[in-house]
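Peer 1: Chains as they are written, first to last, in the numbering used here: chain C, 30 to 254; chain D, 5 to 421.
These are calculated hints, taken from the structure and not from any lab test.
Treat the hints with care, as some may be off.
Quick partial rundown of chain C residues pointing at chain D, CB under 8 Å, derived from the structure [as the list claims (entries may be wrong)]:
(1) 47
(2) 61
(3) 113
(4) 116
(5) 162
C-beta: ideal position from N, C-alpha, C; glycine also.
Take a look at the letters that make up each chain.
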Amino acid sequence: MKPSSWVARSRHPARNWGLIAGALVLIGSGCLILGLQEHQHPLAGPVPSARAPKAPKTKEAPAKVAILATARSTPVELAIPAISLTVSLSTLGLNADGTVQVPTDIQQPGWYGLGPSPGEIGSAVILGHVDSSEGPAVFFKLRSLVAGDIVDTSLADGVTAQFKVTSVVMYLKTNFPGQAVYTSHGYSALQLVTCGGAFDTQTGHYLSNIVVYTSLVALIPPAAA
Amino acid sequence: MNVRRRRLFISGNLEGGPAVWSAWSLSSLCSRILRRGDACPRRLPATNSSGGSARTERSSSTAYTGITGSPLVRRCVIAAMAAGTAFASVAFLGIASAPVASAAASAPAAAQCNPPAFPTGAGEEASCNIAVTNTVTSAGATSSTITATACLAAAGVLPPAGCTTTVTTSKQLVSSINQCNGIVDGGGSNVTCNVTFANDISSGTPTSGATVNQCNGSGTGGGTQPTTVCAPVASTTNATVTQCNGSGTGGGGSMRVKCNVTGAATALPVSINQCNGSANGGGSTVTCTTRFVNNFITSSPTPTSTSASPSGTGGSGTTGTPGAGGVTPVTPAGSGATGLTGSAPRAGGPTGPPTIVGTFGAVPFGAPQTGLGGASHSRDSNLLFAGALTLVGAGLALTVAIRRRRTLSAEDANETS
Numbered sequence: 030m031k032p033s034s035w036v037a038r039s040r041h042p043a044r045n046w047g048l049i050a051g052a053l054v055l056i057g058s059g060c061l062i063l064g065l066q067e068h069q070h071p072l073a074g075p076v077p078s079a080r081a082p083k084a085p086k087t088k089e090a091p092a093k094v095a096i097l098a099t100a101r102s103t104p105v106e107l108a109i110p111a112i113s114l115t116v117s118l119s120t121l122g123l124n125a126d127g128t129v130q131v132p133t134d135i136q137q138p139g140w141y142g143l144g145p146s147p148g149e150i151g152s153a154v155i156l157g158h159v160d161s162s163e164g165p166a167v168f169f170k171l172r173s174l175v176a177g178d179i180v181d182t183s184l185a186d187g188v189t190a191q192f193k194v195t196s197v198v199m200y201l202k203t204n205f206p207g208q209a210v211y212t213s214h215g216y217s218a219l220q221l222v223t224c225g226g227a228f229d230t231q232t233g234h235y236l237s238n239i240v241v242y243t244s245l246v247a248l249i250p251p252a253a254a
Numbered sequence: 005m006n007v008r009r010r011r012l013f014i015s016g017n018l019e020g021g022p023a024v025w026s027a028w029s030l031s032s033l034c035s036r037i038l039r040r041g042d043a044c045p046r047r048l049p050a051t052n053s054s055g056g057s058a059r060t061e062r063s064s065s066t067a068y069t070g071i072t073g074s075p076l077v078r079r080c081v082i083a084a085m086a087a088g089t090a091f092a093s094v095a096f097l098g099i100a101s102a103p104v105a106s107a108a109a110s111a112p113a114a115a116q117c118n119p120p121a122f123p124t125g126a127g128e129e130a131s132c133n134i135a136v137t138n139t140v141t142s143a144g145a146t147s148s149t150i151t152a153t154a155c156l157a158a159a160g161v162l163p164p165a166g167c168t169t170t171v172t173t174s175k176q177l178v179s180s181i182n183q184c185n186g187i188v189d190g191g192g193s194n195v196t197c198n199v200t201f202a203n204d205i206s207s208g209t210p211t212s213g214a215t216v217n218q219c220n221g222s223g224t225g226g227g228t229q230p231t232t233v234c235a236p237v238a239s240t241t242n243a244t245v246t247q248c249n250g251s252g253t254g255g256g257g258s259m260r261v262k263c264n265v266t267g268a269a270t271a272l273p274v275s276i277n278q279c280n281g282s283a284n285g286g287g288s289t290v291t292c293t294t295r296f297v298n299n300f301i302t303s304s305p306t307p308t309s310t311s312a313s314p315s316g317t318g319g320s321g322t323t324g325t326p327g328a329g330g331v332t333p334v335t336p337a338g339s340g341a342t343g344l345t346g347s348a349p350r351a352g353g354p355t356g357p358p359t360i361v362g363t364f365g366a367v368p369f370g371a372p373q374t375g376l377g378g379a380s381h382s383r384d385s386n387l388l389f390a391g392a393l394t395l396v397g398a399g400l401a402l403t404v405a406i407r408r409r410r411t412l413s414a415e416d417a418n419e420t421s
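Next up, chain C with everything else stripped away, as it sits in the complex (with noise of 0.2 Å):
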């Protein structure tokens, strides 16, 4: 073959679409198969809370500390005004294995009923999905609560207990303090329970749960509610 004639085969576009189609099944190929891959992006944990802000400094003596508490009533309504979320709840109980029941209604949390109501003294405690197949559920920005962040509760007596979040916990499903949860430790608790961290594929849920920590701080009456 002579080098000219070769030249004027080169220059035949021929090649060059050839050349980009194959290019473009490649690059195709590979976008499909990233697509349909099913992307894991573990949710991130607890947002690292700074040191917490110091109370102005005061010669007078530190105030007495008073045990809040409220008689058991049923908690209807739960509001977090710092992710804007205000939605009513259900109550939820155990299962056959003894594991607590979580909520039908991805969109709504239940309060444990087996334990203590916002308000009492003990740990209450509010569970939540933090999503679904289909997207983000009710306690999805649950974990992005910082300590200092409040908490209402409106109970079925017209009460309004209002918490103050103290600290945002990830667990491990495995080492999950049941106890820590739900347990009393001496005061008015409440604790917010989801799911968090990386998503196993092969059983469909989460390796860990986020727990929100929170402290009684004061109960507003049915007339000032």
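With chain C fixed as given, assemble chain D onto it according to the hints.
Peer 2: Same frame as chain C, but now just chain D:
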């Protein structure tokens, strides 16, 4: 111009853009070389999102092969395939190496509330609790859990203000605990630190006495005696517990250094150092405790739960009476749930571990399953769209190539005839 526009479109819509860009730039480079009558580089430049190395290589005349026919096409195709493979590999590795949250970390030593994380100045309220549970199963498997709460605020501002809690798990046993050493020495500060060291071990595991070295050289600098209240008072070299030594030396009130060790036997070796050289300014207080707990387990615990009525009609609680100067609980009205409600510690009462009070319910077994992965576990529609669009483009390009090829063959046939 069209090539540049398409390249930007693709790289702007794909995850792993640089790798895609490289594959695309290589193939387009080959296309341009072919169009110019050149050949592909003999040695392909490394994939580089900037494409700079490719241009450098192309400018060197010695880096190119001579003019050939189909081998040239093969090289370009191979180059494109190699780039595509590299792209796919990088993307795959990117997914496979996604970070896993909450991985258990090794934790043979536990430490908190020490400088520089905690200040050495004045007017601070430092409250730190650390609970370590070492577990050794009958089969010899070890694990540990450290629950550490560190609170720092202005003097007089009590927890939970300024508290941060961390939980660390490990397959290793914790053998060293250090906290609250050399902090808040500026005067008017309070240090309250507690260690709970629990051993969950098989029955029959021998224990050994926990030696103590505490409250030596503390509580000096003036003040009504006794300035220290320590139990036991001991000075043992290389003790299991070394705490409250050289602390509270700035003068101040009576009983300003209170330290004790309880449960003075441990089944697993540990070294605990806390509250040494701290709160040495005037008017400061030091209150530190160490508690040993040995839980002997005969067999794997079976989770049990006790059903309780959620209706609140169970037995009413016992209402405690606060002592003089103590805190005042709010007595609940109406019917309560089962359990104790509302007792509070008496002021000036015993310094033993506080009695935990409150309403107790059934503690569920295991962790709640409150997520199904919808938000973190989804397919990428943008990638699917880009891939489909690219394959359509590939089909069109192939069609054009076949048509041009046929035209060329026809022309060759005419020339031959």
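Peer 1: Does each hint hold? Answer for all of them.
Peer 2: Evaluated hints:
no.	hint	result
1	47	4 Å, holds
2	61	4 Å, holds
3	113	17 Å, violated
4	116	14 Å, violated
5	162	5 Å, holds
In this structure, the hints that do not hold are numbers 3 and 4, in rising order.
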